[in-house]
Structures are given as C-alpha cells and as structure tokens.
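Q: Sequence:
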Amino acid sequence: MSTDRYQSPLSERYASKEMQYIFSPDMKFRTWRKLWIALAETEKELGLSQNGVPVITDEQIAELKAHAEDINYDVAKAREKEVRHDVMSHVYAYGQQCPKAAGIIHLGATSCYVGDNTDIIVMTQALKLVRKKLINVMKELADFADQYKELPTLAFTHFQPAQPTTVGKRATLWLQEFYLDLEDLDHVLGSMKLLGSKGTTGTQASFLELFNGDQETIDRIDPMIAQKMGFKECYPVSGQTYSRKVDTRVANVLAGIAASAHKMSNDIRLLQHLKEVEEPFEKNQIGSSAMAYKRNPMRSERIASLSRYVMVDALNPAITSACQWFERTLDDSANKRLSIPEGFLAVDGILDLCLNVVDGLVVYPKVIEKHLMSELPFMATENIMMDAVKMGGNRQELHERIRELSMEAGRRVKEEGKENNLLELIAADPAFPLTLEELEKTMEPKKYTGRSKEQVEAFLRDVIYPVLEANKELLGVKAEINV
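Residue numbers are given in full-length UniProt numbering: position 131 of the sequence shown equals residue 131, and the series is strictly consecutive.
Certain hints may be false.
[As the list claims (entries may be wrong)] Dumping the calculated DSS-like pairs for lysine-lysine here, alpha-carbon to alpha-carbon at most 27 Å:
id, residue 1, residue 2
1, LYS81, LYS28
2, LYS100, LYS81
3, LYS414, LYS275
4, LYS336, LYS275
5, LYS366, LYS441
6, LYS81, LYS336
[As the list claims (entries may be wrong)] What follows is a list of derived Cβ distance ranges for each label pair:
id, residue 1, residue 2, range
7, ARG308, VAL362, 18 to 28 Å
8, PHE159, ASN482, 28 to 38 Å
9, PHE159, GLU327, 50 to 60 Å
10, VAL83, TRP325, 17 to 27 Å
11, ALA62, VAL362, 58 to 68 Å
Everything labelled a hint here was simulated from the structure, so no lab data went into it.
Since this is a predicted model, take the numbers as computed values, not measurements.
Glycine residues also receive a C-beta, built at the ideal position from the N, C-alpha and C atoms.
When you get a sec, could you build the whole thing from the sequences and use the hints?
A: Written out as structure tokens, the structure reads:
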C-alpha cells in the first residue's frame with residue numbers, strides 16, 4: 001500500500017479483487033489482443049487477398065495467438081511516451097513480439113475497435129459478477145424471510161405504528177426490490193452487443209476498400225467477430241463508437257440495485273435504533289471511540305453511503321450520452337474511465353456488505369413483542385368494535401367512543417409516561433358489553449398480521465425459489481469485508 005499518493009477507497013476498502021481485476025489494465029490489454037486475433041482470423045477466413053495471394057496466413061495467426069497473454073508492457077509504455085497513443089503503442093509492442101504478423105495487426109480497424117469492444121466485454125463480465133452477488137443476496141433474504149415469516153412485529157406507515165406485519169413479510173419487501181433489479185439486469189445483460197469493426201465514422205469504408213467492394217463479404221465481418229468474442233451480434237449501426245446510451249442503461253441498473261440496498265439498509269438502521277434487529281457485530285469491534293457501549297449499524301450506514309454515490313453516478317453516462325456530437329467526440333473518454341468502473345466497484349462493495357449484513361442479521365423477538373404489545377390495543381379496536389356491534393351496539397356510536405378512549409389512552413402514554421390502559425378504559429365503558437378478560441383474549445398478535453405468513457410462502461415459492469433453482473450454480477458466495 002502506497003502512503004504518499006491518493007488511492008481510490010473503492011479499491012482499498014470496498015470492492016472485491018475479482019471486480020477490480022475485471023477493470024484492470026491487464027484485463028483490458030489481454031482483451032485487445034484477443035480482438036486483434038479475432039479480426040485477423042475473420043479477415044483471413046473471408047479470403048482477404050491481394051492479386052490472389054492471401055494477405056493473412058495461418059503462420060501469422062499462430063504467432064499472434066502464441067503471444068496473446070505475455071504482454072510486453074515495458075515496450076508499450078516506452079512507446080506511448082514517444083507517440084502519445086495507447087492503442088498504437090500496444091500495436092507496436094505486439095508487433096515486436098510477432099514480427100511476421102506485425103504488418104496485419106489492427107488491419108482496417110480504428111482505435112475504437114479495441115477500445116469500445118473491450119468496454120462492452122468488460123461491462124458484460126462485470127454485470128455477470130454483479131448478477132452472481134445479487135442472486136446470493138436474494139438467497140440470504142429468502143432464508144431470512146422464511147425463518148421469520150410468522151414472527152409478528154409492529155408495522156409502520158410514516159414511521160408511525162400501524163397494523164402489524166411479520167418480520168419475514170417485511171424482508172420480502174426488500175427482496176422484491178432486488179428481484180426487480182434482477183429483471184432489469186437480465187434485460188440489459190441480454191441486450192449487450194459488440195461494436196464490431198465499423199471504422200472511423202461507422203461506415204465500414206476501410207473494409208469496402210480491403211474487400212474490393214464485396215458487400216456480402218463485408219456483411220459477414222461483424223457477426224464473425226461477435227461469435228469469436230462470445231457475443232450473439234453487434235449493434236447494427238454506429239458512429240465511430242457504440243452508442244453511449246448503452247453506458248446509461250448499465251449505470252441505471254447499478255443505480256437501481258443501489259437504491260434497493262439503500263432502502264434495506266435504512267430500514268435496518270431504524271430497526272437497530274429500536275433494538276429489534278441488529279446487524280452483525282464482531283467480538284472485538286468498536287462501535288464508538290467515545291461511547292464504549294455503542295453498537296452502531298456501521299455496515300448498513302456504509303451501504304447507504306456507497307449507494308448514494310452510485311445513484312448520483314448514473315447521471316454521468318446520461319449526460320455523456322446526451323452530449324455526443326454527430327459520429328463521435330472525445331469528451332466521453334475521461335468521464336467513462338471514472339464513472340463506469342467506479343460505479344461497478346461501488347456496487348460490488350455494496351452487495352458484499354448486503355451479503356454480510358443479511359447473513360448475520362440478529363433478531364430480538366422479546367423487544368419486538370414488547371413494542372408490539374404496547375401498541376396492539378390500538379390495533380385491536382376495529383375487532384373490538386365489530387364484536388360489540390354483533391352484541392347489539394351501534395357502529396357509529398361505538399366508533400366515536402373508541403376514538404375518544406384511544407385519545408385518552410394515548411395522552412396517558414405520551415404525557416404521563418404510563419402503560420397503555422385502553423383495554424381497561426373500554427372494559428369500564430358501558431357502551432361495550434365486554435369484560436377485561438374477554439378483551440385481553442383478543443390480544444393475540446398473530447390475529448392481526450393478516451396473510452403475512454401466506455404471502456411470504458407464496459412469494460418465495462412462486463417467484464424467488466424458481467430463480468434460485470435456475471441459478472443454483474451461482475450460490476454459495478460469502479463476502480469478505482475489509483473494514
């Protein structure tokens with residue numbers, strides 16, 4: 001670790017080594033060489049020749065393949081200092097290792113052939129890693145929801161006590177957000193296409209020259225390159241670059257995942273304040289430098305913090321896409337180098353944190369029960385009113401009386417700090433022909449959670465478990481948290 005220069009916290013503290021490698025120079029330059037090989041192979045297979053003599057030979061292709069991995073970075077770096085062009089520096093360096101093939105490397109291509117196709121390949125690999133981790137977060141949440149599908153808890157609207165739900169049902173709300181993100185991710189991942197090789201303004205003019213105007217042969221170039229690089233197809237039209245709208249779509253998927261993680265982490269932070277649920281807290285972890293007793297929800301706070309970065313970062317590709325002039329401008333490049341990798345690294349860290357938090361989430365049923373029982377008499381008033389109506393009472397008169405008694409009980413709780421005595425007030429009121437004992441029998445929390453348990457079971461069975469089964473080979477990821 002260097003201590004005398006700035007280093008991105010995303011690399012130092014948050015993102016996994018796997019995601020960092022996807023956006024590494026080594027991944028980029030190895031991909032460049034694979035693209036050059038694919039181009040040369042395609043040109044050879046399509047019969048590129050001069051006066052009946054093949055321009056590209058099997059020997060040249062073999063030479064390129066022999067040096068696809070052992071990149072001579074020192075040569076490329078020295079060359080770039082002279083020519084100030086990264087692509088041509090690596091063409092030169094590759095040519096130094098492959099003297100027989102040096103003259104046909106990058107034939108007919110522009111810099112965006114390697115640059116933009118590599119960007120698509122890298123983003124596709126990164127989306128696959130994000131997908132893998134997202135599936136695992138969903139698995140952990142599904143297990144948690146199933147475990148606590150019957151545990152009643154106080155629900156909140158406007159963060160005010162509302163009709164009870166269950167701990168597991170609340171977790172399905174988080175899970176469904178991630179499920180929607182997975183749908184978006186799969187759509188974008190399934191739509192990723194290569195740029196192909198279309199030349200400086202996207203017209204394939206250089207290939208028209210190389211193949212002597214043979215339109216049918218030129219039509220085969222992009223599909224063959226795509227197939228060799230593991231893609232179904234290339235974008236049908238482009239300028240010099242692939243549409244920067246693609247970056248926008250990718251960044252929006254990342255922002256969606258960040259928003260879902262932020263919502264979940266905020267709920268967990270609020271629940272930890274209530275002492276109902278607690279994120280993992282390690283034996284020797286320090287919660288506060290001043291207050292030794294504190295157990296702060298630091299990981300959930302970190303999820304929220306990184307998520308805000310990703311949500312705002314989605315603006316970068318959108319603005320870049322909007323500002324591209326005609327067939328290309330270069331004001332995208334510096335921004336792309338930051339916004340796309342950093343967005344992926346941040347989401348990678350977010351999902352690792354989510355995995356860690358959900359896997360170790362601690363639930364305190366006694367505290368949950370205490371909070372619920374203190375509010376349950378208010379929740380039960382509709383049932384009490386219906387029982388009284390069945391015994392001959394007037395619904396409108398009973399509603400008004402219960403409203404008055406509820407206000408009195410609420411005043412006692414808030415102003416005097418005393419226990420909720422609503423049931424005693426109702427039992428003492430002649431308008432309600434119910435004894436205190438009969439009223440207390442209505443205080444069974446599970447009576448007020450509606451179909452929470454059944455909704456959890458149906459959601460997991462019909463929506464989540466089929467997804468997990470279809471992706472079972474991706475399960476088993478455990479997150480390593482650096483700080």
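Q: Given a hint of 58 to 68 Å, does the C-beta separation of ALA62 and VAL362 actually sit inside it?
A: holds, 60 Å
Q: Does LYS275 sit within 27 Å of LYS336, going by the straight-line distance between their CA atoms?
A: Status violated; Cα separation ~43 Å.
Q: Note whether the CB distance of PHE159 and GLU327 lies within 50 to 60 Å or breaks it.
A: holds, 52 Å
Q: Given the hint that LYS414 pairs with LYS275, test it: the Cα-Cα distance must not exceed 27 Å.
A: Holds, at about 20 Å.
Q: Holds or violated: LYS366 with LYS441, Cα cutoff 27 Å?
A: holds, 20 Å
Q: Please work out if LYS81 and LYS28 have their alpha carbons no farther apart than 27 Å.
A: Given pair LYS81, LYS28 holds - Cα atoms ~19 Å apart, limit 27 Å.
Q: What's the verdict on LYS100 and LYS81, does the C-alpha distance respect the 27 Å limit or exceed it?
A: Holds, at about 25 Å.
Q: Look at the Cβ atoms of ARG308 and VAL362 and judge whether their distance stays inside 18 to 28 Å.
A: holds, 26 Å
Q: With respect to the beta-carbon atoms only, verify the hint that PHE159 and ASN482 lie 28 to 38 Å apart.
A: Check passed, 33 Å falls within 28 to 38 Å.
Q: Please check whether VAL83 and TRP325 have a Cβ separation lying inside 17 to 27 Å.
A: Hint holds: Cβ distance 26 Å, inside 17 to 27 Å.
Q: Quickly compare the C-alpha distance for LYS81 and LYS336 to 27 Å and report which way the hint goes.
A: holds, 23 Å
In summary, the structure is inconsistent with hint 4 from the numbered list given earlier, while agreeing with all the others.
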